[in-house]
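Engineer: The lines below spell out each chain.
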Amino acid sequence: MTTSHPLPRRTVLAGSVGAGLAAATATPSALADSVTGDRWKVFAHGVASGDPLPRAVVLWTRVTPTRHATPGSGRGPRVSVVWQVATDRRFRTIVRQGRVTTRPGRDHTVKVDATRLAPDTEYFYRFRMGTHTSPVGRTRTAPARRSMPDNLRLGIVSCANLQAGWFSAYRHLAARDDLHAIVHLGDYLYEYAPGGYGSGQDNVDVRRHVPAREIVSLADYRQRHAQYKSDPDLRALHARHPFIVTWDDHESANDAWRGGAENHQPGEGSWAARRARAHRAYDEWMPVRMSGSAALGDGTRLFRSLRFGMLAELSMLDLRTYRDQQTSPTGSKGTITGRAQLDWLKARLRRGGPQWKLVGNPVMIAPVTFAQLPHDLVDPVNDVTGLLPRDGAPYNVDQWDGYTADRRELFEHIRDQGLRDVVFLTGDIHSGWACELPYDASTHPLGDSAGVELVCTSVTSNNLKDITGTPPRTTSLAVEGIIKTANRHVKYLNFDDHGYSVLDVTPERAQMDWYVIGSRTDKATGTRWATSWLTRSGTNTLTQAAGPVRGA
Amino acid sequence: MCESTRPSGAFARGLDEIRTGRRTLLRAGAAGVALSTMAGFAPAEAARRTRRRAYVLVLDGCRPDEITPTLMPRTSALRAGGSSFPRASSMPIMETIPNHVMMMTGVRPDRSGVPANSIYDRRTREVRDMDRPDDIRVRTIIERLNNHGLTTGTVLSKEYLYGIFGARATHRWEPAPVVPVSGHAPDAFTMDAALAMVRTHDPHLVFVNLGDIDRVGHTDLTGPLGLKAARRAALAATDAQVGRFVDLLKTTGRWQRSLVMVLADHSMDWSLPHGLIHLTPALEADPLLAGRVVIADNGGADLLYWTGPADQRDRAVARMLEVARGVPGVLSAADPRRARGMRLGPRAGNVVVYARSGWRFSDPDQWSNPIPGNHGHPATRPIPFFLAGGHPRVPRGRTSAAHARTIDVAPTVGEFFGLAPLRGGYDGRNRLPRT
Numbered sequence: 035m036t037t038s039h040p041l042p043r044r045t046v047l048a049g050s051v052g053a054g055l056a057a058a059t060a061t062p063s064a065l066a067d068s069v070t071g072d073r074w075k076v077f078a079h080g081v082a083s084g085d086p087l088p089r090a091v092v093l094w095t096r097v098t099p100t101r102h103a104t105p106g107s108g109r110g111p112r113v114s115v116v117w118q119v120a121t122d123r124r125f126r127t128i129v130r131q132g133r134v135t136t137r138p139g140r141d142h143t144v145k146v147d148a149t150r151l152a153p154d155t156e157y158f159y160r161f162r163m164g165t166h167t168s169p170v171g172r173t174r175t176a177p178a179r180r181s182m183p184d185n186l187r188l189g190i191v192s193c194a195n196l197q198a199g200w201f202s203a204y205r206h207l208a209a210r211d212d213l214h215a216i217v218h219l220g221d222y223l224y225e226y227a228p229g230g231y232g233s234g235q236d237n238v239d240v241r242r243h244v245p246a247r248e249i250v251s252l253a254d255y256r257q258r259h260a261q262y263k264s265d266p267d268l269r270a271l272h273a274r275h276p277f278i279v280t281w282d283d284h285e286s287a288n289d290a291w292r293g294g295a296e297n298h299q300p301g302e303g304s305w306a307a308r309r310a311r312a313h314r315a316y317d318e319w320m321p322v323r324m325s326g327s328a329a330l331g332d333g334t335r336l337f338r339s340l341r342f343g344m345l346a347e348l349s350m351l352d353l354r355t356y357r358d359q360q361t362s363p364t365g366s367k368g369t370i371t372g373r374a375q376l377d378w379l380k381a382r383l384r385r386g387g388p389q390w391k392l393v394g395n396p397v398m399i400a401p402v403t404f405a406q407l408p409h410d411l412v413d414p415v416n417d418v419t420g421l422l423p424r425d426g427a428p429y430n431v432d433q434w435d436g437y438t439a440d441r442r443e444l445f446e447h448i449r450d451q452g453l454r455d456v457v458f459l460t461g462d463i464h465s466g467w468a469c470e471l472p473y474d475a476s477t478h479p480l481g482d483s484a485g486v487e488l489v490c491t492s493v494t495s496n497n498l499k500d501i502t503g504t505p506p507r508t509t510s511l512a513v514e515g516i517i518k519t520a521n522r523h524v525k526y527l528n529f530d531d532h533g534y535s536v537l538d539v540t541p542e543r544a545q546m547d548w549y550v551i552g553s554r555t556d557k558a559t560g561t562r563w564a565t566s567w568l569t570r571s572g573t574n575t576l577t578q579a580a581g582p583v584r585g586a
Numbered sequence: 013m014c015e016s017t018r019p020s021g022a023f024a025r026g027l028d029e030i031r032t033g034r035r036t037l038l039r040a041g042a043a044g045v046a047l048s049t050m051a052g053f054a055p056a057e058a059a060r061r062t063r064r065r066a067y068v069l070v071l072d073g074c075r076p077d078e079i080t081p082t083l084m085p086r087t088s089a090l091r092a093g094g095s096s097f098p099r100a101s102s103m104p105i106m107e108t109i110p111n112h113v114m115m116m117t118g119v120r121p122d123r124s125g126v127p128a129n130s131i132y133d134r135r136t137r138e139v140r141d142m143d144r145p146d147d148i149r150v151r152t153i154i155e156r157l158n159n160h161g162l163t164t165g166t167v168l169s170k171e172y173l174y175g176i177f178g179a180r181a182t183h184r185w186e187p188a189p190v191v192p193v194s195g196h197a198p199d200a201f202t203m204d205a206a207l208a209m210v211r212t213h214d215p216h217l218v219f220v221n222l223g224d225i226d227r228v229g230h231t232d233l234t235g236p237l238g239l240k241a242a243r244r245a246a247l248a249a250t251d252a253q254v255g256r257f258v259d260l261l262k263t264t265g266r267w268q269r270s271l272v273m274v275l276a277d278h279s280m281d282w283s284l285p286h287g288l289i290h291l292t293p294a295l296e297a298d299p300l301l302a303g304r305v306v307i308a309d310n311g312g313a314d315l316l317y318w319t320g321p322a323d324q325r326d327r328a329v330a331r332m333l334e335v336a337r338g339v340p341g342v343l344s345a346a347d348p349r350r351a352r353g354m355r356l357g358p359r360a361g362n363v364v365v366y367a368r369s370g371w372r373f374s375d376p377d378q379w380s381n382p383i384p385g386n387h388g389h390p391a392t393r394p395i396p397f398f399l400a401g402g403h404p405r406v407p408r409g410r411t412s413a414a415h416a417r418t419i420d421v422a423p424t425v426g427e428f429f430g431l432a433p434l435r436g437g438y439d440g441r442n443r444l445p446r447t
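Those sequence lines, one after another, are chains A and B.
Residues 35 to 586, numbered by this note's numbering, are exactly what the first sequence covers, in order.
Residues 13 to 447, numbered by this note's numbering, are exactly what the second sequence covers, in order.
Simulated from the structure, these hints should not be mistaken for lab results.
Model, not experiment: these values are computed from the prediction.
Heads up, some of the hints might be wrong.
Said to hold, decoys possible - Between beta-carbon pairs, the in silico distance windows are:
1) B/A241 x A/G515: 28 to 34 Å
2) A/G515 x B/L233: 33 to 39 Å
3) B/A242 x A/T519: 50 to 56 Å
4) B/P407 x A/T165: 51 to 57 Å
To be verified - With the Cβ distance kept under 7 Å, some of the chain A side facing chain B (calculated, not the full set):
5) Q359
6) T477
7) G572
8) V583
Backbone N, C-alpha and C fix where the C-beta goes; we use that ideal spot for every residue, glycine too.
Bound-form chain A, shown alone (with noise of 0.2 Å):
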């Protein structure tokens, strides 16, 4: 449990080698906090970790040292924290522990990687600040390189919008004790002012961004993130099971791409810079390994793998840092991963690697015709889509709709190659999707197929009830059986609800299962099964399956 007391005096290091201004500055308000009694809570953003490997997992938190030392608010001293891992809850056989020292550059956040665990573990870990001791975190090393594995288990999520409603997904998600990991696919948080993008089609917002404008400062991603892990729901689920992150583009800006983002304007200064912004707090307040590694400011490449023994690889993709600006409906040429990443990707899509070879999605990749839309109809769906053009045959541009050239490129690499069991997770789209991945979309079921696509809803961001305002299983009904009729690959789709999906690997099939809850505007609504797909090994076909893996 976290503990309130005021900070002692002594693990603030003020006048030690190293110590930088803002650390002396802070060191008075600090004595005075601790003189007056103020109470703040020092690990009030929680513990969480991340990408775990064999023998090493992410550990991370915040502490916030004085009471001044806000988010963003580059106040404070520096401070030594020590951080313990355990084999047990209460910690009685700590098998490593270190000490680092944090700082107002860093925004008072730590980030270790614990190395020479065991694999395939279960591990507590917890951080101490002189007296304060943080909440215990629980979290799992991935198994031996050359091990069999007999499953694999992720929650996936993706779209977390704050404004628009309470993050009752990741409660029910935390409450499981079955799973190895969170696969979260982007949009953990967003960028946009109050009113700017809330709850339906008014834009009401259940609860208020901090700070109360857009972020574009590296204070105000900062304290966007502290806002966001300042959640329960998310701070349990991050205590519960360790991550493995990617952003799409709402970390930075709406609809970003390497050189802009629809939501950046003139006025707001540089991209680069404001991206280069958002990519630091993301590197300071995400449990992530960026360029390979958990330091600060040594790099931000985000895409990587992970491995599961011989069962599965993941593969990770940043679909926004790389990407050519969207596509115009007569052109399909540009990037959406980069050379270099798809280079990266084609290399983990192997043969003799792992069995199953997961790819962690940010946006859609399965071929989408939404040409068979009535008209009426193509607003709203285009609010949750993103399609363009109005008029003609509209296709959604900011997913791999909108860059054909890479999609091909990797689907004829997966087809000369004679790759089985890939199965790309995706997020982004605020619905859930189960797709066949066609070769050629005109003649299936009869050609073969790429692999499958499992695409899991919005944790709350706005989906196409909530933009039309009809009652779920109405309008989206009649607009699921069209895109579905006119794309004979898509074998599930549910446009209006929201919650959460359970990814179960084994040596057989891959099953998605999907959990949608009640109502997002209600903190306490409950779950339930929705559906389950799965893909048996060797097919790149899908099949409804009866029930969701138990064990939760």
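For chain A, the structure is supplied; the task is to place chain B on it using the hints.
Structural biologist: Only chain B this time, still in chain A's reference frame:
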């Protein structure tokens, strides 16, 4: 062409073995199946060794995704009840002869001497099929079981397989009838022979090749469009033959002491008529290479052999690689001496060129390979591979993430019968659980 149909002389050699008394002929069953047996074979002694039986059923050219409960219910059920390896793959070159040899030797082509169906024989200066018994340069599991006092049988539907395995087995089916164009015996007859062999001689190991799926797949003109109408019919028919074999084991009490390995040697890829790679003109247009390169066409793979002066070989290989990589439809070109993991040996030539999926080679002439279905290239690596049978050592209902390969058959059969590993070790791995 990938699957040569040129007469190999294999049947003539077999007939000669019978005429000269090296094998004795028996007509078995109502259909009069012709089974030949090694001269001097002593059945009583062999029968006492062990009651275990191992059967290797090769569904030639079958893709793993084709074994479905609706299309192949018997085979699908067999897989579901046994131990399956969905990651399994064929090995380079993904052709029939080398992979059958890898199954029965457990070693890669650099040790077995058999890298492809079709090679350029530098000694005889001809492109030929590898269908001669002495093409295999190591002892097969068949001979090793024989030496161990056990008996073996081969029921091989294709003429060149009959040829390369020759007189190794204790008992051998003399294939008939053989379809003139395809050079193979239909599965119904092949299975008649397998059943007759089990009933008549009951060998400890029977090695069966069912060729219909492959042969029909090669010529299925609806394949490139995904319809694969003829192919599907063949799959269903072959499935019935698998069912007959299982029924025999169960009704005769053999099932409980049997290991049944079911796999394919390679899978199949289809190309449209224009998806054709013709290397010959590109090579002939090069001043260094013109008239000095021979191509052995293996459907999805071309093997290039430098026939010019030895001191120009390295330069020629570099040119062959460059020229081949520039031809549309080529996936890759590699020098097998330097390509890590290829292990094809010197008989594979100087350059191995692979086709992309949806393409096929046609060399030396543009009309050499008109058939839509081909294999040999990486797209045709995935294969079904599973262990079935009622013997207690066969796991029930298990699926493994392990990467099984065709070279795993011999180590698995060897382990089942308690044979010591091959001298120098296998390149493959036993896929039965350790006891």
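Engineer: Tell me if A/G572 is really an interface residue toward chain B, meaning its C-beta lies closer than 7 Å to one of theirs.
Structural biologist: Hint holds; A/G572 Cβ to chain B Cβ min 4 Å, cut 7 Å.
Engineer: Look at the Cβ atoms of B/P407 and A/T165 and judge whether their distance stays inside 51 to 57 Å.
Structural biologist: Holds, at about 55 Å.
Engineer: For the hint on A/V583, does the least C-beta distance to chain B fall short of 7 Å?
Structural biologist: Violated, because the Cβ-Cβ distance from A/V583 to chain B comes to roughly 15 Å (cut-off 7 Å).
Engineer: Look at the Cβ atoms of B/A242 and A/T519 and judge whether their distance stays inside 50 to 56 Å.
Structural biologist: Since the Cβ atoms of B/A242 and A/T519 sit about 30 Å apart, the hinted range of 50 to 56 Å is violated.
Engineer: With a cut-off of 7 Å, does the beta carbon of A/Q359 approach a beta carbon of chain B closely enough for the hint to hold?
Structural biologist: Violated: closest Cβ of chain B sits about 31 Å from A/Q359, beyond 7 Å.
Engineer: Could you see if the CB distance from A/G515 to B/L233 stays within 33 to 39 Å?
Structural biologist: Taking Cβ atoms as reference, A/G515 and B/L233 lie about 36 Å apart, which means the hint holds.
Engineer: Can you tell me whether the CB distance of B/A241 to A/G515 sits inside 28 to 34 Å?
Structural biologist: 30 Å, holds
Engineer: Against chain B, run the beta carbon of A/T477 and see if the smallest gap drops under 7 Å.
Structural biologist: 5 Å, holds
The structure fails hints 3, 5, 8 (numbered hints given earlier, in ascending order).
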